[in-house]
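Top to bottom, those sequences are chains A and B.
Residue 1 is where the first sequence starts when you use the working numbering, and the numbers rise one by one after that.
Residue 1 is where the second sequence starts when you use the working numbering, and the numbers rise one by one after that.
One thing to keep in mind: the hints can contain errors.
Computed beta-carbon distance windows for the label pairs [stated by the list, open to error]:
(1) A:SER61 x B:THR311: 18 to 28 Å
(2) B:GLY280 x A:TRP278: 52 to 62 Å
(3) B:GLY280 x A:ARG98: 17 to 27 Å
(4) B:ASN211 x A:PHE173: 50 to 60 Å
Incomplete in silico selection of chain B near chain A, CB under 10 Å [as the list claims (entries may be wrong)]:
(5) GLN82
(6) ALA207
(7) HIS208
(8) ALA217
(9) SER225
(10) TYR278
These are calculated hints, taken from the structure and not from any lab test.
Cβ atoms here follow ideal geometry from the backbone N, Cα and C, with glycine treated the same way.
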Amino acid sequence: MQFFIQLSLDGLTIGSVYALVALGYTLIYGVLKLLNFAHGDVFMVGSFIGYGVLQALGGASDPVVPVWLLLVLVTLAAMVGCAVLGVVIERFAYRPLRNAPRIAPLISALGVSFFLSNSMQLEFGAQQFNYASYNLSGGALYFHGFDLDHVHIPLLRIITIGSAFALMVVLWFLVNRTRTGKAMRATSFDREAAAMLGIDIDRVIVFTFILGSALAGAAGVMFALRVPTFAAVGFTTGLKGFTAAVIGGIGSIPGAMVGGILLGCAESYTAGYWTTAWSDLVVFSILIAFMIFRPQGLFGRVDIRKV
Amino acid sequence: MKKAIVVAFAVIAASIVATAAHGGPKVAVASQSVSCSSTLKIAMVTPITGAAGFLGTEQLSWAKYAVSTLAPKMGLKVQLLQGDTPVEQGAAPALTLAQKFAADSKVVGIIGPSTSGDAEASAQTYYHAGIAQISPSATDTPLTYAVNGKKLGTPTFFRDVPANNVEGPTIAAYITNTLKAKNVVVFDFQEPYSQGLAATISSYLTAHGVNVTRLSAPNTTTDYSSYVTKVPSNTNVVVFPTQQPPAAQTFAEQLVEQGKSAVVFGGDGADAPAQFKYPGGYVANFAPDISGIASDAGIVAGWKKANPTMTLGSFGPPTYGAVQIMLNAIKIACAKDKGTLKSRADVFHNVKKVTIKNWILGGTFKWSTKTNDPLNGHFYIFKIQSNGSYKLVN
Numbered sequence: 001m002q003f004f005i006q007l008s009l010d011g012l013t014i015g016s017v018y019a020l021v022a023l024g025y026t027l028i029y030g031v032l033k034l035l036n037f038a039h040g041d042v043f044m045v046g047s048f049i050g051y052g053v054l055q056a057l058g059g060a061s062d063p064v065v066p067v068w069l070l071l072v073l074v075t076l077a078a079m080v081g082c083a084v085l086g087v088v089i090e091r092f093a094y095r096p097l098r099n100a101p102r103i104a105p106l107i108s109a110l111g112v113s114f115f116l117s118n119s120m121q122l123e124f125g126a127q128q129f130n131y132a133s134y135n136l137s138g139g140a141l142y143f144h145g146f147d148l149d150h151v152h153i154p155l156l157r158i159i160t161i162g163s164a165f166a167l168m169v170v171l172w173f174l175v176n177r178t179r180t181g182k183a184m185r186a187t188s189f190d191r192e193a194a195a196m197l198g199i200d201i202d203r204v205i206v207f208t209f210i211l212g213s214a215l216a217g218a219a220g221v222m223f224a225l226r227v228p229t230f231a232a233v234g235f236t237t238g239l240k241g242f243t244a245a246v247i248g249g250i251g252s253i254p255g256a257m258v259g260g261i262l263l264g265c266a267e268s269y270t271a272g273y274w275t276t277a278w279s280d281l282v283v284f285s286i287l288i289a290f291m292i293f294r295p296q297g298l299f300g301r302v303d304i305r306k307v
Numbered sequence: 001m002k003k004a005i006v007v008a009f010a011v012i013a014a015s016i017v018a019t020a021a022h023g024g025p026k027v028a029v030a031s032q033s034v035s036c037s038s039t040l041k042i043a044m045v046t047p048i049t050g051a052a053g054f055l056g057t058e059q060l061s062w063a064k065y066a067v068s069t070l071a072p073k074m075g076l077k078v079q080l081l082q083g084d085t086p087v088e089q090g091a092a093p094a095l096t097l098a099q100k101f102a103a104d105s106k107v108v109g110i111i112g113p114s115t116s117g118d119a120e121a122s123a124q125t126y127y128h129a130g131i132a133q134i135s136p137s138a139t140d141t142p143l144t145y146a147v148n149g150k151k152l153g154t155p156t157f158f159r160d161v162p163a164n165n166v167e168g169p170t171i172a173a174y175i176t177n178t179l180k181a182k183n184v185v186v187f188d189f190q191e192p193y194s195q196g197l198a199a200t201i202s203s204y205l206t207a208h209g210v211n212v213t214r215l216s217a218p219n220t221t222t223d224y225s226s227y228v229t230k231v232p233s234n235t236n237v238v239v240f241p242t243q244q245p246p247a248a249q250t251f252a253e254q255l256v257e258q259g260k261s262a263v264v265f266g267g268d269g270a271d272a273p274a275q276f277k278y279p280g281g282y283v284a285n286f287a288p289d290i291s292g293i294a295s296d297a298g299i300v301a302g303w304k305k306a307n308p309t310m311t312l313g314s315f316g317p318p319t320y321g322a323v324q325i326m327l328n329a330i331k332i333a334c335a336k337d338k339g340t341l342k343s344r345a346d347v348f349h350n351v352k353k354v355t356i357k358n359w360i361l362g363g364t365f366k367w368s369t370k371t372n373d374p375l376n377g378h379f380y381i382f383k384i385q386s387n388g389s390y391k392l393v394n
């Protein structure tokens with residue numbers, strides 16, 4: 001039982017990060033019908049911004065502000081930085097191609113992805129950067145927490161999972177309970193009809209990029225608080241976020257959340273109960289299986305078009 | 001939507017295939033004669049950027065120092081070229097560099113490649129061009145020994161450090177005899193260096209009655225939580241032969257996070273005091289701390305003067321030695337060819353004729369008569385102290 005709880009905790013932790021990344025994919029796909037393959041690299045940039053701010057505030061060993069404030073500032077900086085980056089990407093890489101064939105923005109997205117990862121590598125090198133969160137308050141984030149059936153649940157994991165769920169709830173509220181959210185849903189349903197009803201489509205799209213990219217920034221920090229980050233980290237994590245979005249049903253916000261958690265748990269259970277060597281194989285096999293047998297995902301709807 | 005996803009995967013697959021095709025071996029150009037009074041070139045092939053950049057930067061500084069101090073004394077004019085092979089990009093950069101250096105007839109020797117995967121991937125290209133390679137850190141056994149009837153290196157590949165078949169038993173013997181471990185987890189990272197080392201260590205430990213659990217992680221793994229979960233709680237030692245020292249640090253921290261007290265034991269790839277500094281851990285390396293070798297005092301002082309911001313590590317001194325061997329081989333070849341190298345293969349044919357008294361790693365350097373390895377090579381074990389520094393323990 002302890003083994004199962006520990007694996008579930010592992011899956012939930014990494015799954016929360018995947019879910020936040022998947023939400024970005026799903027938001028942008030929902031509004032623009034664009035698979036934003038640069039999203040994983042926005043996540044990577046977020047983790048680097050967080051690292052930079054952490055160092056500027058004295059680093060993990062000797063921060064100049066209290067730890068809780070440090071974590072809030074690092075996360076906020078990454079979210080704001082990524083939101084700005086998302087706006088820039090939309091303005092220069094996607095907006096000029098909005099009426100082009102769908103393959104054009106897709107290729108542009110891949111180009112932005114390589115541009116971002118290679119630029120970061122050029123600027124900072126390809127080495128790994130460690131937040132060294134183990135040193136925060138003498139290891140408090142690792143040693144504090146609570147025990148569940150003799151499984152220690154450290155504070156850092158509680159923060160990671162709790163923050164991810166809090167952000168998901170905020171997002172759900174934004175999309176379902178605000179006028180801007182209503183405009184996003186209308187644009188997602190029928191962009192032309194929404195425009196005819198007076199909705200500023202450009203503004204909605206920019207807002208969507210701000211939301212999705214800010215979530216990626218937060219995910220980047222949550223990820224890098226636990227493991228080292230590096231310029232190429234966005235590719236694999238982005239692909240897994242995309243897989244989570246497909247599993248949940250791309251375009252569906254609850255689907256992205258559930259897809260991320262399921263994917264994280266699948267990865268963890270595969271490593272725990274079967275093999276550590278082939279957990280990625282299992283993850284991407286799940287993607288293929290969904291593409292073949294349930295392309296609309298768990299929560300997506302089948303598009304029915306009249307001819 | 002489905003169409004768009006299919007197209008996206010097609011584009012990704014096409015780019016991967018294109019990258020792979022680009023990295024394929026090509027036939028090198030034939031070598032021309034080169035005047036020994038002209039400026040000859042040797043190239044250092046090592047990861048200067050990337051997670052293993054700490055290693056390459058150190059090696060490069062020692063290679064530059066060796067060329068600048070030794071070549072003039074031998075009457076040689078030598079230019080040191082550099083090639084960057086970030087470990088994250090696999091063997092493709094090493095192959096591209098091999099083709100580039102093979103095409104330059106003035107390149108008469110290679111120092112490196114530094115990692116086993118790069119050395120294995122590029123060995124054939126250098127061999128066909130007749131260029132000698134001396135690696136100061138590629139330790140995978142099949143580069144110089146036939147393992148299961150298969151040898152991955154070529155006659156032009158040499159190394160001045162011992163192979164995993166020395167490192168593995170050294171680590172394993174320390175684990176059994178000194179740490180008295182009964183339960184050990186051995187990782188590999190699905191690349192040649194760690195797979196070879198893990199296999200050697202596992203077989204030794206198993207033969208000595210130690211209970212071994214093998215775990216294998218893709219080289220791209222960043223979060224080791226679920227791997228840590230699989231480490232049995234009675235494990236005494238985890239052998240973690242990564243080439244990315246921050247990963248060893250993260251792994252050690254995640255063990256503590258789950259309340260596990262196993263000691264993390266890295267190989268030479270994890271030997272980076274600034275990045276893997278978890279107290280109580282161990283690393284193995286092929287070089288001792290040369291600041292304790294009296295005959296090296298002048299060399300160390302000169303290198304420190306040339307590199308005031310750098311710290312003396314374990315990867316640099318064997319690089320100095322590799323350059324020293326290469327320059328001696330060039331000198332012998334030039335003398336035999338009366339001032340004009342008929343081909344750069346002449347350098348290769350003279351590498352094994354080099355012996356060096358007052359070897360930088362101590363004693364006298366001689367080649368093994370059976371393989372292109374040093375005679376009586378030795379590995380050293382360091383323990384990480386509470387302040388993160390490394391202390392030689394074996």
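Inset, instruction - Hint by hint, work out which the structure violates, then give me just those numbers in ascending order. - result: The structure conflicts with hints 2, 3, 5, 6 and 7, although it agrees with all the remaining ones.
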